[in-house]
Amino acid sequence: MSRLVPWIALIVFATIPLWLQDPYLLNAFITTGIFIIAAMSLNLLLGYTGQLSLGHVAFFGIGAYTSALVSLGFNVELIGGLRVVHEPWPVWSGFVIGTLVAALCGYVVGKLSFKVRGAYFVIVTISFAEVVRLVALNWVELTQGPLALTSIPPMTLGLPGVGFFDFYSKQSNYYLVLAVLVICYVIIRRLVYSRIGRAMVALKENESLAVSVGIDVTRYLVLAAVFSAGVAGASGSLYAHYLKIIDPDVFAFLYTVTMVIMVITGGKGTLAGPIVGGLIFGFVPVVARSFAAPEVQWILYGLFMILIVFMLPQGIVPAVEKWFSGLGARPQAEVKSQVTMRDTL
Amino acid sequence: MTELLQHIVNAFILGSTYALLGIGLTLIFGIMRVVNFAHGELYSFGAYFVYLVAALLGLNFFVALLAAIVAGCLLGALLELVLLRPMRAADIDTTMLVMIGAMIVMQNGEQFVWGGVAKSVTTPFPELPLVIGPFSVSWLSLFVLCAALLLIALSYLLVNRTKLGKAMRATFQDRDAASLMGVNIQFIYMATFAIGSSLAAAAGALLGPVYVISPQMGNLASLKAFAIVILGGLGSIGGATIGGFMLALAEEFGAGYISSGYRDAMGFLIIIGVLLFRPTGLFARVERIG
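Same order as they appear, the protein sequences are chains A and B.
If you count the first sequence from 1, position 147 lands on 147 in this note's numbering, and the numbers rise without skipping.
If you count the second sequence from 1, position 266 lands on 266 in this note's numbering, and the numbers rise without skipping.
These are calculated hints, taken from the structure and not from any lab test.
Where is the CB? At the ideal position from N, CA and C, for every residue including glycine.
Treat the hints with care, since some could be wrong.
To be verified - With beta-carbon atoms standing in for the labels, derived distance ranges:
#, chain 1, residue 1, chain 2, residue 2, range
1, A, Trp139, B, Arg278, 24 to 34 angstroms
2, B, Pro86, A, Asp247, 33 to 43 angstroms
3, A, Leu25, B, Leu142, 53 to 63 angstroms
4, B, Leu4, A, Leu312, 50 to 60 angstroms
5, B, Ile8, A, Tyr107, 37 to 47 angstroms
6, B, Leu81, A, Asp166, 20 to 30 angstroms
7, A, Arg195, B, Ile8, 51 to 61 angstroms
8, A, Leu25, B, Ser136, 54 to 64 angstroms
9, B, Ala153, A, Pro294, 37 to 47 angstroms
10, A, Leu25, B, Leu74, 38 to 48 angstroms
11, B, Ala153, A, Lys115, 53 to 63 angstroms
12, B, Ile92, A, Arg289, 25 to 35 angstroms
13, A, Leu25, B, Ile92, 33 to 43 angstroms
What the hints assert, rightly or not - Some, not all, of what chain B presents toward chain A, calculated at C-beta under 8 angstroms:
#, residue
14, Val35
15, Asp93
16, Leu97
17, Ile104
18, Asn108
19, Leu158
20, Phe226
21, Tyr262
22, Ala265
23, Leu269
Stated by the list, open to error - Covered, in the sense of this in silico footprint (three residues per stretch, anywhere, with C-beta under 8 angstroms from a C-beta of chain B), are these stretches of chain A:
#, segment
24, 251 to 262
25, 308 to 321
With the rest of the complex left out, here is chain A (with noise of 0.2 angstroms):
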């Protein structure tokens, strides 16, 4: 039964465009679909290896950021007079280089900060989005500054045979994000169930004896800010071809705390939980908005947090499966459950 629910997830949300016409609406899932994009990839770090970033931001900045400037082209001046040109390029070779850029910063990014952890690590991942915020804000050459960068192409996509899309329109992009979705869905999944990810949760289980089993603490963190960060970066770079216009605010604090709550609330270290709590953080402003002013918005969003933590400190997900598997009395469900994770031992 419950291995039915991601299917008729599925097919549920492939078919709203179908009979949902508001394009105030569809934008609302399209945006959400990006956030729970940011957010599943955060969820790897948080959920699984117990990392909290709070710089998660400048990973989907960095993607957004890329992507936009392969496809729009540059010309920049370095130090000492070397001047670089760059020609615009298909839009999707922006989505792959926004992608691969973001994951070589999370590379680099956590081979520096996984020397500290707990609150220090947190606050290093914050300051490096600090930090590329301030430059995308600062130079003005190659971002355009607080200008942003417009008339960013639309995502396109040419397939040998098939034929040569555009994603133009509301309806489009939905299922180019939604297809990202899924593709990111399941190599998170993949990744969770293989050795790799069950040497992770070691590690957030219980770093020393981890270690003691001969788990390489620095390797697997590092590979984790690395899927990490590319997911992130390519959620950035679909953000940046929809939107058309980016600027430095792609790198505010909030956008982090937005894809932390979301992860928090769904519930962190499961497959669905940014899922669900993308979906309901996606969707509180577009409520909210209809009876309050943007401050007052904020407020509820900052007590609806507070409340979150409070109240379900484990998220929506595992307390339904909780209440489930109480539901239904059957502990042997549970029992089989672990003998299927031990077959994959």
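Given the structure of chain A, go ahead and fit chain B onto it with the hints provided.
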């Protein structure tokens, strides 16, 4: 040369308020192990409180300063009671999220109450700056420096010369042992948070009239305070004081000689650099990587 000295003078004044911010945070972070993201909001709370009392109610500027410090203390105690006490058993990430929620609520509350337009406070000091040889310092800045130094000295005396301070130091070293020796841990936590908050409010109250007061002013203050704490080492008032002055120097020089746009980047580069190359801080006596 004159420019260099003027930068140093400016850094001294800025650094004294940074030190207040840093001391407040180093006490809270060191003793309670709470990553206080609302620290910057207490800083802007102090600034707005001075605006409320001095500009709107029309009371004396010095009365307003004292009122802001007391109000910061009370608000800190309230935050501790409502948000942190129920979360005592929670891990550091969880309390961090609660404080981020508090930060969002407080910042937008300010925006809601005071609006987005920046406010300014008029002070009883003469407009004309004091000119000594080639430099000029405004009287207000000079007062800010003296008041901040006085508060730094007071907090040093509080922690090192009073019974409360002794209990705070004991709690910092070993919470359980302190508790066994009869220290009321709940009270110490509340006092620590209240004192830290009032120092942040004092920094805002002093610096607010120098610049303008806006809801966004607290945004970077928390992170700068962290930079100071990391630079100075955990739980060390002297370290936080030196850290505050060093951060201010780095910012002044960064803004003066590199680019004013990168002024705020200095703090973050310091954080990254110190944590990566000397993770115990420059002056730390205690092992701190958890």
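Now for the hints, and whether the structure bears them out:
1. Trp139/A x Arg278/B: 24 to 34 angstroms: At 29 angstroms between Cβs, range holds.
2. Pro86/B x Asp247/A: 33 to 43 angstroms: holds (39 angstroms)
3. Leu25/A x Leu142/B: 53 to 63 angstroms: Since the Cβ atoms of Leu25/A and Leu142/B sit about 58 angstroms apart, the hinted range of 53 to 63 angstroms holds.
4. Leu4/B x Leu312/A: 50 to 60 angstroms: holds (56 angstroms)
5. Ile8/B x Tyr107/A: 37 to 47 angstroms: holds (40 angstroms)
6. Leu81/B x Asp166/A: 20 to 30 angstroms: violated (57 angstroms)
7. Arg195/A x Ile8/B: 51 to 61 angstroms: Hint holds: Cβ distance 57 angstroms, inside 51 to 61 angstroms.
8. Leu25/A x Ser136/B: 54 to 64 angstroms: This hint holds: roughly 59 angstroms between Cβ atoms.
9. Ala153/B x Pro294/A: 37 to 47 angstroms: holds (43 angstroms)
10. Leu25/A x Leu74/B: 38 to 48 angstroms: At roughly 45 angstroms between Cβ atoms, Leu74/B and Leu25/A fall inside 38 to 48 angstroms, so the hint holds.
11. Ala153/B x Lys115/A: 53 to 63 angstroms: violated (36 angstroms)
12. Ile92/B x Arg289/A: 25 to 35 angstroms: holds (34 angstroms)
13. Leu25/A x Ile92/B: 33 to 43 angstroms: Because 39 angstroms falls inside the window, the suggested range holds.
14. Val35: Interface hint status for Val35/B: holds (5 angstroms vs cutoff 8 angstroms).
15. Asp93: holds (5 angstroms)
16. Leu97: holds (5 angstroms)
17. Ile104: holds (3 angstroms)
18. Asn108: holds (4 angstroms)
19. Leu158: violated (25 angstroms)
20. Phe226: Interface hint status for Phe226/B: holds (5 angstroms vs cutoff 8 angstroms).
21. Tyr262: Tyr262/B check passes; min Cβ-Cβ to chain A is 6 angstroms, inside 8 angstroms.
22. Ala265: holds (5 angstroms)
23. Leu269: holds (7 angstroms)
24. 251 to 262: As far as the segment 251 to 262 of chain A goes, the hint holds, because 5 residues have Cβ atoms under 8 angstroms from chain B.
25. 308 to 321: Our answer is that it holds, as 3 residues pass the Cβ test (under 8 angstroms) against chain B, meeting three.
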